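Visitor: Using the sequences provided together with the hints, build the complete structure.
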Amino acid sequence: MPDAVGDHVFGTASGTASGTASGDGFDALPPGCSADVADAPMTSPVPNAGGGPVGRTTGDAAVVVDDLVMTYGDVLAVDRLSFEVAPGTVTAILGPNGAGKTTTVETCEGYRAPQAGRVRVLGLDPRRDRRRLGARVGVMLQDGGAWTGARAGEMLRHMAALHAHPLSVDGLIERLGLGSCGRTTYRRLSGGQQRRLSLAMALVGRPELVFLDEPTAGLDPQARHVTWELIGELRTAGVTVVLTTHYMDEAERLADQVHVIDRGRLAASGSPAGLAARGAENTIRFRARPALDLTALTAALPEGSAVVEPTPGSYVVTGKVVPETLATLTAWCAGQGLLPESLHVERRSLEDVFLELTGRELRP
Amino acid sequence: MTRTLSYAPAPGAAPLHRMVRSQALMETRLLLRNGEQLVLAVAIPLLVLVGGVQAASVVALGDARPVDVLTPGVMALAVLSTSFTSVAIATGFERRYGVLKRLGASPLPRTALLAGKVAAVLLVETLQLSLVAAVGLGLGWQPHGGLTAALGAVLLVVLGTAAFCALGLLMAGILRAEATLAAANLVYLLLLAGGGVVVPIDRYPDSAAAHLGLLPSGALAEGLRDVLSGAGLATGPVLVLLVWAVAAAALTARTFRWE
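Top line first, the protein sequences correspond to chains X and Y. For the first sequence, position 155 (counting from the first letter as 1) is numbered 155 according to our numbering, and the numbering increases by one without interruption. For the second sequence, position 174 (counting from the first letter as 1) is numbered 174 according to our numbering, and the numbering increases by one without interruption.
Worth double-checking, as some hints may not be accurate.
Claimed, not checked - Capping the alpha-carbon separation at 25 Å, the derived lysine to any residue pairs in SDA-like fashion look like this:
1. Y:LYS101 - X:ARG132
2. X:LYS320 - X:ASN282
3. X:LYS320 - X:ARG347
4. Y:LYS101 - X:ALA161
5. Y:LYS101 - X:LYS320
6. Y:LYS101 - X:GLY218
7. Y:LYS101 - X:ALA327
8. Y:LYS101 - X:ARG131
9. Y:LYS101 - X:GLY98
10. Y:LYS101 - X:ARG128
11. Y:LYS101 - X:ARG112
To be verified - Which stretches of chain X does chain Y cover? Using the computed rule of at least three CB atoms under 8 Å from a CB of chain Y, they are:
12. 105–119
13. 122–128
14. 143–156
15. 165–175
As the list claims (entries may be wrong) - Part of the chain X face toward chain Y, derived, beta carbon under 8 Å:
16. GLY134
17. ALA135
18. VAL139
19. ALA161
20. GLY182
21. GLU208
22. GLU233
23. LEU234
24. ALA237
25. VAL239
26. GLY274
27. ARG285
28. ARG287
29. ARG289
30. LEU292
Read the hints as simulated data drawn from the structure, not as lab findings. Predicted model only: the values in this text are computed from it and were never measured. Backbone N, C-alpha and C define an ideal beta-carbon position, used for all residues, glycine too.
Guide: This is the structure:
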């Protein structure tokens with residue numbers, strides 16, 4: 001069996017084009033040829049207000065989800081979702097429970113057929129080319145996936161035996177801190193150990209693309225950090241990673257690109273920093289003597305800034321807070337012979353953006 | 001963190017034979033490790049054999065020596081336990097716990113998965129039948145017919161395994177895992193008691209006897225009793241098992257859900 005790295009041929013634009021698919025086709029470079037991924041300008045975060053596809057169809061994407069629609073009975077689980085994953089990057093699909101994350105990922109894994117729209121993975125159809133993708137794509141399911149009576153080491157060794165050039169099973173077990181439970185059966189592993197074994201099963205075949213469905217759910221902080229490090233190492237090694245999570249800090253820390261999904265629709269896309277800065281109303285708070293000349297201060301600050309004194313001696317600068325804002329503020333204070341106290345710059349986190357996009361109420 | 005692994009992609013499927021071998025050995029270990037299944041696969045058959053021989057005066061088995069009648073029937077029971085009950089239950093839970101789903105995203109083709117499963121069943125059956133034969137011989141069993149009879153018995157066991165595996169997969173494909181667990185055990189007990197397995201079919205009432213030979217259990221046991229007593233390989237049981245195997249496989253192929 002030939003080594004599958006880069007041996008596939010693109011150019012199946014005819015595929016299963018849906019009525020709404022853009023006509024760009026997929027006739028471009030094989031993965032690994034996109035040297036400019038890192039330099040590519042970050043897609044400006046565009047809320048998908050119109051519901052139409054926002055992803056441009058670039059041919060070299062590792063994963064293309066184009067106008068995907070999935071329903072369960074009357075429930076619309078995925079609603080005209082479009083996005084792309086650039087090779088060698090880490091993409092986080094972020095969303096509340098029931099947002100459609102797992103349905104989307106499982107469609108990419110070939111478990112479900114798109115009801116409308118189309119999905120391409122490494123240029124192939126995840127259902128029709130399932131066998132070929134099985135060798136190239138690593139899968140970590142949200143739960144299960146192992147015989148309850150199988151020992152951890154034995155399960156991993158079996159998965160390794162299905163691949164041509166597997167990783168060292170012992171090395172992987174050690175890396176994931178599963179050394180003490182190599183002979184423990186799956187049903188007796190803790191939840192966190194089961195997650196780590198499942199991750200190891202996704203990696204052991206040395207895939208070029210991995211889908212990790214909630215890789216850190218239920219992990220203790222140590223195991224979570226090991227998993228994060230490992231995902232960083234995968235990225236360094238050139239493996240494309242697509243993960244789902246509802247942890248904002250995880251997406252912020254790991255991902256090159258974040259797609260926020262809510263109720264089956266793309267709510268926003270962008271880099272974590274780009275998303276957090278989106279329409280960024282950041283804030284500077286400080287204390288000084290009461291009744292400063294706010295008109296003069298506002299005039300000194302960059303355009304668009306506003307200053308208020310909600311309580312005497314306590315000031316809030318709002319607007320687009322950039323490094324210059326802070327420099328101007330402190331310079332102005334120095335000019336007045338003032339020492340601002342308790343000066344805070346408050347930056348919005350991805351979590352704030354997430355809650356803003358998806359609402360604060362609990363989901364059923 | 002004393003070792004550095006290189007995650008540089010090097011994807012590829014293993015050669016088919018390596019995948020099938022790994023799958024077969026994995027499933028064999030799991031079957032042998034499962035305590036409840038070992039009771040059905042080994043303990044009950046041996047209990048029936050030893051107990052039946054001891055109680056032969058009570059149970060009317062016919063004119064032949066009890067151990068010669070019982071040993072082939074218990075062999076059929078051993079085949080039934082592994083190829084039907086174990087396969088049905090194991091497959092039901094493989095789907096329940098996402099094993100089939102996970103393997104579906106691996107390089108392992110479904111045909112290789114099935115081949116591994118059947119190979120595991122045949123391996124376990126070899127162990128079971130060796131054990132039953134050894135205990136039978138210890139109790140004075142005298143098989144007749146030499147090598148030809150042995151080959152005939154192997155053919156019957158293979159056909160019976162095919163029929164029972166297909167039926168087991170059919171059940172696991174239709175019912176939930178818990179229902180499969182209950183139903184597969186129930187079928188085992190019902191066939192043990194009234195399926196023409198241990199007690200020769202001609203000892204049943206005439207009305208029942210006419211139908212028992214058409215059951216896969218009755219056909220396998222009766223065929224084994226005939227061929228191992230030196231009466232030769234009868235075509236009837238062979239045909240019955242063949243029809244069951246083909247029909248059940250066709251139905252399974254249409255109804256089985258992998259995920």
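Visitor: Each hint should be assessed against the structure and marked as holding or not.
Guide: Against the structure, the hints:
no., hint, verdict
1, Y:LYS101 - X:ARG132, "16 Å, holds"
2, X:LYS320 - X:ASN282, "6 Å, holds"
3, X:LYS320 - X:ARG347, "10 Å, holds"
4, Y:LYS101 - X:ALA161, "18 Å, holds"
5, Y:LYS101 - X:LYS320, "49 Å, violated"
6, Y:LYS101 - X:GLY218, "22 Å, holds"
7, Y:LYS101 - X:ALA327, "57 Å, violated"
8, Y:LYS101 - X:ARG131, "13 Å, holds"
9, Y:LYS101 - X:GLY98, "21 Å, holds"
10, Y:LYS101 - X:ARG128, "16 Å, holds"
11, Y:LYS101 - X:ARG112, "11 Å, holds"
12, 105–119, "holds (count 3)"
13, 122–128, "violated (count 0)"
14, 143–156, "holds (count 9)"
15, 165–175, "holds (count 7)"
16, GLY134, "4 Å, holds"
17, ALA135, "4 Å, holds"
18, VAL139, "4 Å, holds"
19, ALA161, "4 Å, holds"
20, GLY182, "15 Å, violated"
21, GLU208, "4 Å, holds"
22, GLU233, "6 Å, holds"
23, LEU234, "5 Å, holds"
24, ALA237, "4 Å, holds"
25, VAL239, "6 Å, holds"
26, GLY274, "27 Å, violated"
27, ARG285, "41 Å, violated"
28, ARG287, "46 Å, violated"
29, ARG289, "54 Å, violated"
30, LEU292, "53 Å, violated"
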